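Number of protein chains: 2
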Amino acid sequence: MKCSDNIKYLFSHNSVAVIGATPIPNKVSNVIMRNLIDGKYTGKVYPVNPKYEEVLGLKCYKSVLEIKDNVECAIVATPAEFVPKIVEQCGKKKIKGVIVISGGFGEVGNEELEEELKKVAEKYGIALLGPNCLGAFDPYTKIDSIFLPMYKLERPPPGEIAFVTQSGAVGSTIIDMAAHYKVGISKFISYGNAASLNECDYLKFLENDKETKTIILYVEGAKEGRRLFEIMKKVNKKKPIIALKAGKYGKAILAAKSHTGNLAGSYTAYKAAFRQAKVVEAETLEELFDFVRVFNQPLPNGNGVGIVTNGGGMGVLTSDALEINGLVVADFEKSTVEGLAKILPSYGSVNNPLDLIADASAEGYERALNLFITDKNIDILCVILLTQTPPIDERIIGVLTKIKASTSKPMIVIAVGGSYTDKYRRVLEGYGVPTYGYPDSAVKALKKLVEYAEFRRKM
Amino acid sequence: MKCSDNIKYLFSHNSVAVIGATPIPNKVSNVIMRNLIDGKYTGKVYPVNPKYEEVLGLKCYKSVLEIKDNVECAIVATPAEFVPKIVEQCGKKKIKGVIVISGGFGEVGNEELEEELKKVAEKYGIALLGPNCLGAFDPYTKIDSIFLPMYKLERPPPGEIAFVTQSGAVGSTIIDMAAHYKVGISKFISYGNAASLNECDYLKFLENDKETKTIILYVEGAKEGRRLFEIMKKVNKKKPIIALKAGKYGKAILAAKSHTGNLAGSYTAYKAAFRQAKVVEAETLEELFDFVRVFNQPLPNGNGVGIVTNGGGMGVLTSDALEINGLVVADFEKSTVEGLAKILPSYGSVNNPLDLIADASAEGYERALNLFITDKNIDILCVILLTQTPPIDERIIGVLTKIKASTSKPMIVIAVGGSYTDKYRRVLEGYGVPTYGYPDSAVKALKKLVEYAEFRRKM
Chain U
834 MKCSDNIKYL FSHNSVAVIG ATPIPNKVSN VIMRNLIDGK YTGKVYPVNP
884 KYEEVLGLKC YKSVLEIKDN VECAIVATPA EFVPKIVEQC GKKKIKGVIV
934 ISGGFGEVGN EELEEELKKV AEKYGIALLG PNCLGAFDPY TKIDSIFLPM
984 YKLERPPPGE IAFVTQSGAV GSTIIDMAAH YKVGISKFIS YGNAASLNEC
1034 DYLKFLENDK ETKTIILYVE GAKEGRRLFE IMKKVNKKKP IIALKAGKYG
1084 KAILAAKSHT GNLAGSYTAY KAAFRQAKVV EAETLEELFD FVRVFNQPLP
1134 NGNGVGIVTN GGGMGVLTSD ALEINGLVVA DFEKSTVEGL AKILPSYGSV
1184 NNPLDLIADA SAEGYERALN LFITDKNIDI LCVILLTQTP PIDERIIGVL
1234 TKIKASTSKP MIVIAVGGSY TDKYRRVLEG YGVPTYGYPD SAVKALKKLV
1284 EYAEFRRKM
Chain A
834 MKCSDNIKYL FSHNSVAVIG ATPIPNKVSN VIMRNLIDGK YTGKVYPVNP
884 KYEEVLGLKC YKSVLEIKDN VECAIVATPA EFVPKIVEQC GKKKIKGVIV
934 ISGGFGEVGN EELEEELKKV AEKYGIALLG PNCLGAFDPY TKIDSIFLPM
984 YKLERPPPGE IAFVTQSGAV GSTIIDMAAH YKVGISKFIS YGNAASLNEC
1034 DYLKFLENDK ETKTIILYVE GAKEGRRLFE IMKKVNKKKP IIALKAGKYG
1084 KAILAAKSHT GNLAGSYTAY KAAFRQAKVV EAETLEELFD FVRVFNQPLP
1134 NGNGVGIVTN GGGMGVLTSD ALEINGLVVA DFEKSTVEGL AKILPSYGSV
1184 NNPLDLIADA SAEGYERALN LFITDKNIDI LCVILLTQTP PIDERIIGVL
1234 TKIKASTSKP MIVIAVGGSY TDKYRRVLEG YGVPTYGYPD SAVKALKKLV
1284 EYAEFRRKM
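In order, the protein sequence lines correspond to chains U and A.
Using my numbering, you'd call the opening residue of the first sequence number 834 and step up by one each time.
Using my numbering, you'd call the opening residue of the second sequence number 834 and step up by one each time.
It is worth saying that the hints were derived from the structure and are not from the lab.
Since this is a predicted model, take the numbers as computed values, not measurements.
Glycine included, C-beta positions come from ideal geometry on N, C-alpha and C.
Warning: the hint list may mix true and false statements.
[Unchecked claim] For lysine to aspartate or glutamate, the following DMTMM-like pairs were computed, each having C-alpha atoms within a straight-line distance of at most 25 angstroms:
(1) Lys-1280(A) <-> Glu-1116(U)
(2) Lys-884(A) <-> Asp-1192(U)
(3) Lys-895(A) <-> Asp-871(A)
(4) Lys-1256(U) <-> Glu-1120(A)
(5) Lys-860(A) <-> Glu-1120(U)
(6) Lys-1090(U) <-> Glu-1156(A)
(7) Lys-860(U) <-> Glu-1196(A)
(8) Lys-884(U) <-> Asp-1192(A)
(9) Lys-1090(U) <-> Asp-1192(A)
(10) Lys-1175(U) <-> Glu-914(A)
(11) Lys-1256(U) <-> Glu-1156(A)
(12) Lys-1256(A) <-> Asp-1042(U)
(13) Lys-1090(U) <-> Glu-1171(A)
(14) Lys-1090(A) <-> Asp-1192(U)
(15) Lys-860(A) <-> Glu-1116(U)
[Said to hold, decoys possible] Some but not every residue of chain A turned toward chain U, in silico, with C-beta under 10 angstroms:
(16) Asn-863
(17) Ile-870
(18) Asp-871
(19) Phe-980
(20) Ser-1000
(21) Ala-1079
(22) Glu-1120
(23) Ile-1140
(24) Thr-1142
(25) Met-1147
(26) Ile-1225
(27) Arg-1228
(28) Ile-1230
(29) Gly-1231
(30) Val-1232
(31) Ser-1274
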């Protein structure tokens, strides 16, 4: 059996051994143990460490070979030098998925040790994730090797976004933001040095993963550029890939090399590959998080946007952003204009953006959006919501989720502000409505959705 | 006396009349009354409305002429048609600053009414703010005509940033974000239609306002383009102006017209004016808020950046952003390299970005930053802080504020994440350290600081 056929065991719902487990607080393997227990891992947890009889109340084993039950997955967090031997033991124990958290391999010049690790994994057909990484997280099975405490880094709910990342730090911050905004995740795969399997294998796996509908890829240096291109091209036709290439220029390239031991490769080549494969390129981390969230929406039929707002200036800024990004501030159909004229205050005028002014309540939004839904010039519903005005209250949540359920047009919300506004954003995101903290961020994401929709229509 | 000489009375610490005051919850003038009372306005509040004897426990007057005490400022929130007469009464009462919240003037085609309002103000030498605006907020005197409830829109603490904005909605969201991050404000001026005074007058006023050190300008359409250019040029030499022009393109220009009744004017002309005056242009709302916060730092002597991080990938992304924005990932001096070699773990390497890896605690940052401070190649300290790692705790706050106090180099913090990270950001911002949620946002702000520093050095 090929190593890559066993990737599913990295997310085992059944059993996991934590090798190097320790009762000492804040140590990597202690945090991992805690997270598996507190996070309510669905299977059995086996701490392994010859030094201890018990870790966090669980019987501790001297080696995996001592465990009598069948074990599907192992998380290794020990000094690098012991790792190949430990993975050998995992092989003998028929553990099929091994996550190596430990650093100290190729990224610090220990290429030999990394090569040894790779050979052991291949000898036993083990799916080896890492080394030098955060490993795996699956909100469905609750497997979790992210060694960051839950009170510091929240875990997102189960969802449809898979995240393949070379950098643990970058990956973890996206997980944290996803959790904050209640954005659901299907699988998190931090692969670090990619000693054996790499992003190509994980993308291939995700192509057929039933929980995954959208894929984020953060890559610094790929080992198999051509293969990556072919796989992205294939997968992206079924499931949109949003990709960020880091280590593009000058000293950033050097920084990438010392980070995971992989050559960053030419950014021009990556850019061309993304473009040809029609992969959605994010140029910054912010874009990565902004873009992926819009892809839970239906694909739009065109680029006409209908905007409703309770703050004029925010409408002006959004129109600017649409013009700059080549989307269209739609002309309302006659029936829409007539319908809107009836609901606007006497001093309002029927234009797109439709300015309901600060007097607007949830009902105003509902009536306007119901007209937008039937307007053939409008492909996308853009709701600007200043939650700070007196008449806006929680009824707006009900209105927006009802609108969303009653249309096949994508809908997004722009809500700018502080803590109070953020609560609305969290609730709406949790209900599947992408929300943005700035007009420009929202529009850039919409542009990517429109482009991807065009690509899929032409297929 | 000229109207503009009385601008200071718009921020009176002494006395304010609220004309149109009502006990009906959620009405504009009720919210304003509440905010003055709950916000602990430093002077006396006089509700004025012939319909009531009392509003929120305060004696209510039939007109301002009935008030026996001297009154410096009035806030008017009544239907538009009554406003000129009310302002006439204010004139007779010798009220020097009048804030007109009411809409229904030039922005809906009532140019005549707006002209009438202007004439009355000029007749009495009144500084008239508005109409069709949120008016004024001053965290020092607690004058506050922002008709958004405090539980929905927090108010920022006293500080050094003044904000002149044509759009109330845009202005209020910045106020909200500033409050969330504990960014201090000196004056908030939402001027809407600018019937009498406009952004030129307010900028001139702020030039000599002792609390103000940095100015934000949000403008859709200026009435006096040439004058604005001259004033910006003069003021910006003393106090950096960060400006956003909205209503740039196509339908956004139309939206701006129907918003405050002002013609948006050519964006090309604005852009040229900003460039010539060396005003810091923000192209988006996000940039506006990102850029202004870095200007509380000392101006750097050059563009060399020293980066310390506890997450490798975040260092790579920051390096990319620096390269793209023409800043320099500094080469460490020999003494820095030697000093750093002593503090790094054996498997770490001394490069910029300096990767302390996830093991780093506050002490690691302190030792690294102390070496950065004396390194002549480093003009700017860039701290990437993943608060999510186990060893990072509140000691880092003490370390960073100590470092900041001991150097004349600017320092910024990049901290990406969810709620836990956000708490650190809020504390650090409150202590005068600008923090950013993404590497790219931070670097774009630094670039503006470097450019402005160059401009000031050349003066």
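Next item on the list: Would you pick out the hints that fail for this structure and give their numbers low to high?
Entry: 5, 11, 12, 15, 17, 18, 27, 28, 29 and 30
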